[in-house]
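Visitor: Listed below are the residues making up each chain.
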Amino acid sequence: MERKLGNFEVINSLIMMSIADIVLTSAGILIKEVNSASLLTSCLISILGIFITFIMCKLSKNFIGKDILNISEYLGGKILKTIVGFGFVIYFILILALFLRQTSDAMQLIYYPLTHIIFIIALLSIATGIIANFGNNSIFKATSLIVPFLYTAIFLIFIGNTKNFNIDNMFPIFGNGFNHSFIKGLTNIFTFSGLSYLFFFPSKLKKPEEITKIGLIFSILNCVYLIFCVADILFLFSDTMNHSQLPPLYISVRYIEFGTFFQRMDAAFIFLCVLGLISALNINLYFILEILKNITNLSDSKPLIFPCLLTAFGIALGLKQDSTLDFLENSLSKILFIVFTFVVPLIIFIGAFLKKKFKYNP
Amino acid sequence: MNIKELFSYHPKQYYNFELKPTCNALQNFEPAPKQNVSSNIELNLKYIQSKYQTNINSDIMIRTFNLIAQNRTYKAFLVYIDGMVDSKLINDFVLEPLMLRSYSNTYTKNSNQLTSENNYNISVKKMTKFNLENYIYDSLIPQNNLTKKTELNKLVESVNSGNCALFIDTLEIAFDIDIKGFKQRSVDTPQNENIINGPQEAFVENIRVNTSLLRRILNNENLIIESMQVGEISKTQVAVCYMQNIINPELVKEIKYRINNIKLDSLISSGQLAQLIEENEKIDIPTLLETERPDKCSKFLMQGRAVILVNGNPYAIIAPAVLIDFLASPEDTNLKTLFANFLKVLRILAYFITLLAPGMFIAITGFHHELLPTELLFSILASREHVPFPIIFELILMEISFELIRESGIRVPAPIGATLGIVGALILGDAAVSAHIVSPILIIIVAITGLSSFAIPDFAFSFHLRIYRFLFTLLGFCAGFIGIGAGLLVYINMLCSMNSFGVSFVSPLTSSLSTHLNSFFIKPAWKYEKRPGFIQPKKKYAQPKISKKWRY
Numbered sequence: 002m003e004r005k006l007g008n009f010e011v012i013n014s015l016i017m018m019s020i021a022d023i024v025l026t027s028a029g030i031l032i033k034e035v036n037s038a039s040l041l042t043s044c045l046i047s048i049l050g051i052f053i054t055f056i057m058c059k060l061s062k063n064f065i066g067k068d069i070l071n072i073s074e075y076l077g078g079k080i081l082k083t084i085v086g087f088g089f090v091i092y093f094i095l096i097l098a099l100f101l102r103q104t105s106d107a108m109q110l111i112y113y114p115l116t117h118i119i120f121i122i123a124l125l126s127i128a129t130g131i132i133a134n135f136g137n138n139s140i141f142k143a144t145s146l147i148v149p150f151l152y153t154a155i156f157l158i159f160i161g162n163t164k165n166f167n168i169d170n171m172f173p174i175f176g177n178g179f180n181h182s183f184i185k186g187l188t189n190i191f192t193f194s195g196l197s198y199l200f201f202f203p204s205k206l207k208k209p210e211e212i213t214k215i216g217l218i219f220s221i222l223n224c225v226y227l228i229f230c231v232a233d234i235l236f237l238f239s240d241t242m243n244h245s246q247l248p249p250l251y252i253s254v255r256y257i258e259f260g261t262f263f264q265r266m267d268a269a270f271i272f273l274c275v276l277g278l279i280s281a282l283n284i285n286l287y288f289i290l291e292i293l294k295n296i297t298n299l300s301d302s303k304p305l306i307f308p309c310l311l312t313a314f315g316i317a318l319g320l321k322q323d324s325t326l327d328f329l330e331n332s333l334s335k336i337l338f339i340v341f342t343f344v345v346p347l348i349i350f351i352g353a354f355l356k357k358k359f360k361y362n363p
Numbered sequence: 120m121n122i123k124e125l126f127s128y129h130p131k132q133y134y135n136f137e138l139k140p141t142c143n144a145l146q147n148f149e150p151a152p153k154q155n156v157s158s159n160i161e162l163n164l165k166y167i168q169s170k171y172q173t174n175i176n177s178d179i180m181i182r183t184f185n186l187i188a189q190n191r192t193y194k195a196f197l198v199y200i201d202g203m204v205d206s207k208l209i210n211d212f213v214l215e216p217l218m219l220r221s222y223s224n225t226y227t228k229n230s231n232q233l234t235s236e237n238n239y240n241i242s243v244k245k246m247t248k249f250n251l252e253n254y255i256y257d258s259l260i261p262q263n264n265l266t267k268k269t270e271l272n273k274l275v276e277s278v279n280s281g282n283c284a285l286f287i288d289t290l291e292i293a294f295d296i297d298i299k300g301f302k303q304r305s306v307d308t309p310q311n312e313n314i315i316n317g318p319q320e321a322f323v324e325n326i327r328v329n330t331s332l333l334r335r336i337l338n339n340e341n342l343i344i345e346s347m348q349v350g351e352i353s354k355t356q357v358a359v360c361y362m363q364n365i366i367n368p369e370l371v372k373e374i375k376y377r378i379n380n381i382k383l384d385s386l387i388s389s390g391q392l393a394q395l396i397e398e399n400e401k402i403d404i405p406t407l408l409e410t411e412r413p414d415k416c417s418k419f420l421m422q423g424r425a426v427i428l429v430n431g432n433p434y435a436i437i438a439p440a441v442l443i444d445f446l447a448s449p450e451d452t453n454l455k456t457l458f459a460n461f462l463k464v465l466r467i468l469a470y471f472i473t474l475l476a477p478g479m480f481i482a483i484t485g486f487h488h489e490l491l492p493t494e495l496l497f498s499i500l501a502s503r504e505h506v507p508f509p510i511i512f513e514l515i516l517m518e519i520s521f522e523l524i525r526e527s528g529i530r531v532p533a534p535i536g537a538t539l540g541i542v543g544a545l546i547l548g549d550a551a552v553s554a555h556i557v558s559p560i561l562i563i564i565v566a567i568t569g570l571s572s573f574a575i576p577d578f579a580f581s582f583h584l585r586i587y588r589f590l591f592t593l594l595g596f597c598a599g600f601i602g603i604g605a606g607l608l609v610y611i612n613m614l615c616s617m618n619s620f621g622v623s624f625v626s627p628l629t630s631s632l633s634t635h636l637n638s639f640f641i642k643p644a645w646k647y648e649k650r651p652g653f654i655q656p657k658k659k660y661a662q663p664k665i666s667k668k669w670r671y
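Protein chains in written order, with this note's numbering: chain A, 2 to 363; chain B, 120 to 671.
In isolation and in its complexed conformation, chain A is listed as follows (with noise of 0.2 Å):
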């Protein structure tokens, strides 16, 4: 029998895949895109986020212990569980893919620009393959011992910067303009890209009906941890990272000194990273099995996990070009996240809900 989640878990989980997001790719694009302005923007993208998830953790409530699957085949038979079901399988799998390629693409750069990066993938998607094989339990025990030492880094990271800090790189603090930063920033709410999991979990928790709370601390842990990687990388650096591929989190952690001893603690950062990359390729690929055995009612997914893993393998591969690179990061992966976060689950909430009470109170 599968063991239920508690909350600590779920919410260290739900970090697990903002922090990676963030990592790799989120906090870089929303500084590239509104530069001076991306910390009140990231202010600005908290509070929505918050209050984005209180109110769909609110029409959640009205299922308690179910998840979207659940509520989706309440709304609309088998037939709309499916197709929500698919479509949710192949944008995980284009997560987990770009994931598996950005992390790689990271990795050769900064220490392999010899090894071929069929190699590094490969030994990403080994040790994914692996864990996923020891059961649904342990994945989710390990994000917990992992997360809090991440969250402590970037607070250390940012302590560790705060000297070489120049505050004045937040000015213009609006940016390129009031339009550009608030309006078209706000599309960087994928930095909450936790969020897409959270209605996964209702079946799987100890407790279904703290939904709310669990929603909530997620995303202020989220909030926090955005801003401080945030500002760690605007005070730092004014427009060089622009033409960086590294992930900026990483260059930041270049400058930090301690003592003469540790000459440069970037490789203790890829260290921890690479904990923290691979638990969130775990956890995404836990959800691809999960919806593919709640839709096609498999009694074990582990059969499915190497198929998977193979069909992101060679999709990460497949991405060779910086430009479709780009265009994925950019501009598909927003669109999906908020098509499959915010939009999808709106529309199922909501006619559930409308279904329940027309079918009560006709």
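Calculated from the structure, these hints are not laboratory results. One or more of the hints may lead you astray.
Ranges of calculated distance between the beta carbons of each label pair, as one might list FRET restraints [said to hold, decoys possible]:
1. A:E210 with B:Y660: 36 to 46 Å
2. A:K356 with B:W645: 33 to 43 Å
3. B:L468 with A:R4: 24 to 34 Å
4. A:P149 with B:Y660: 25 to 35 Å
5. B:D549 with A:R4: 48 to 58 Å
Don't be surprised by glycine CBs; every beta carbon is placed ideally from N, CA and C.
Following the hints, position chain B against chain A.
Guide: Then chain B, alone, in the frame of chain A:
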């Protein structure tokens, strides 16, 4: 030898023995059919003789004699195993009363025993028919542990365990007399779990001595010691000990269920039993704690865990066990909080050094030079200047040499062991550096790793670290920190996937339950209020909020 023989042909004689499969192979795990004691003593005697094959078995003793009661002679015999019984007890308290006193207790022809009772001043005489069975049980054998048995199989089991069986003609029962008297090791100091501050007693091979050691420490009637047998042939006695008022009953049920459902011929040791009742078959990380210390067992019993003892083994199994238990020393609770915590942190550090140090060294020297100060980096590179081998070869060579020294140090006689270790390490290390086979810095890494592995209190646990260390070394060599990071995450997930009797192996690290007795840092003695929550004990509190009543 004559000349004819000298020149004659003698074909070469080869001694050839080949073990062939036996044609009447026995492989039956079903229990033997029941057979009861017969009233005909000859049948019983033949059964015992054939069961023990007394014509070839030299230590099985069958002593036949005559028992006279009521002027009638009954044939009788005793069966026991020489060396397992106390001869003095047999002579003085079994044979003497049966053979000598029975002569003095001769009765008249129609003698029925008379007993009288006084009720309401009326004397009533009851006629009790003479019963040989009761007479022997009540009057002849002055033994505290004497039982009547009807099944021959059970009698044979008792004789095998060191008891003596008494068969008497006409009786359909036999007496099982406890006169065990084999030589055994006395209670001694622990051999492998030494501490400075605390009790210095260790378990021995005899299960009864071990249970008495636990009873002596806990002094409570709630300590239950349930006995069961494992092994179709060996019938090894196994005792499950627990505090009835503290332990979760489901845990006891599960332990008994697993032990009762082991089908094998023989159980020799507690290590073997631990493997048979563990949940994790594919992962070679121990999930049950083994200890030779009764005080450690008592501490865990009071937390709500179970202790399993195996006869013939000086180690007890503690179930369930979690990761932190393997890094705790029995001394922790006896020391001041600060010292105990310092030692615990040191052990946790040793855990990571044992597992990761060689891999990290290879990763840093191969991929992440920037982590080291330039001077140190130059010094490492300079020390490796004359070494012709790749660093991975150097490291694995030294690690294997270290393991060889350690293994040979254990196997050789004790007085030589320590010398061998020191001489081996010093001479080998020095010679390897002088011959430019390895660099001096590598010797330091290997030595620190080796020392750290000795700081892990549990031998089985430290063993798994020694093996996994090689994997991390290879990962560090192949992919630097990324390889080690991926490997470490797999390892963490492996630990997280493990359970020990339904308890997560990484508890309480990932649970929010209050686990004062077993949390990461040790609390002062007056703060052990709650028992570990992850064991779900019946009694949640170990002491009141204020235990130092004298102060408040």
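Visitor: Hints numbered earlier in the text: which of these fail when held up against the supplied structure?
Guide: Per hint list: 1, 2 violated.
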